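A.B. asks: Sequence:
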Amino acid sequence: MKWIGALLFIGTTTWLGFEWSQNLTKRPKQIRQMKNALQILEAEILYSQLPLQEAFETIAKQIPEPSKTLFKSMSVSMEQRNIEFVTTWEKAVEELINISSLGSNEQEILNQFGRTLGQHDFTQQQKHIQLTISHLERELQDAIDDQNRYSKMAKSLGFLCGLFIVLLLI
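Sequential numbering of the sequence shown, starting at 1, is according to my numbering.
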């Protein structure tokens, strides 16, 4: 019985290490998706001159999950007339953060962007979108560095921590 418990414990900690590694791998991909979504938003605002609700709807059709959730949620929320945009945006961003591998830095960048969205003319709005994209680019580089540095370590650490604890208990 002890051995079965020990193997289950080692298996669980190994699985946790692989989950941590997987989150490190997903984060750069999801940041790229968000950058692409913002580029699409920029095109929709500047060239198509669509209202935000329609732009969000268009973006939600073009990008994959989990980034799709943010724009779909905003599109649905904006159908209601008496909403406060910034509060709704922040709730949608928080929902995105909860279901994705994005971190608190990305949340803050997106929240700052949401405070400026729809508040300026086309030129200023384009500058805010480009600024947000550049902030996300910086976070992307950090995420890639973290992935390269910690991904293999997370897998190994999960297994080794489990093995160490089992050896201590036996």
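Everything labelled a hint here was simulated from the structure, so no lab data went into it.
Be aware that one or more of the hints could be misleading.
With a straight-line Cα cutoff of 27 Å, these simulated DSSO-like cross-link-like pairs (lysine-lysine) come out [unchecked claim]:
(1) K127 to K29
(2) K72 to K26
(3) K29 to K68
(4) K152 to K26
(5) K72 to K127
(6) K26 to K2
(7) K2 to K68
(8) K61 to K72
(9) K35 to K61
(10) K26 to K61
(11) K61 to K152
(12) K29 to K61
(13) K2 to K35
(14) K127 to K155
Bear in mind the structure is a predicted one, so any value in this text is a computation, not a measurement.
A.B. asks: What hints, given by number in increasing order, does this structure fail?
C.D. replies: Result: hints 6, 7, 11, 13, 14 break, sorted rising.
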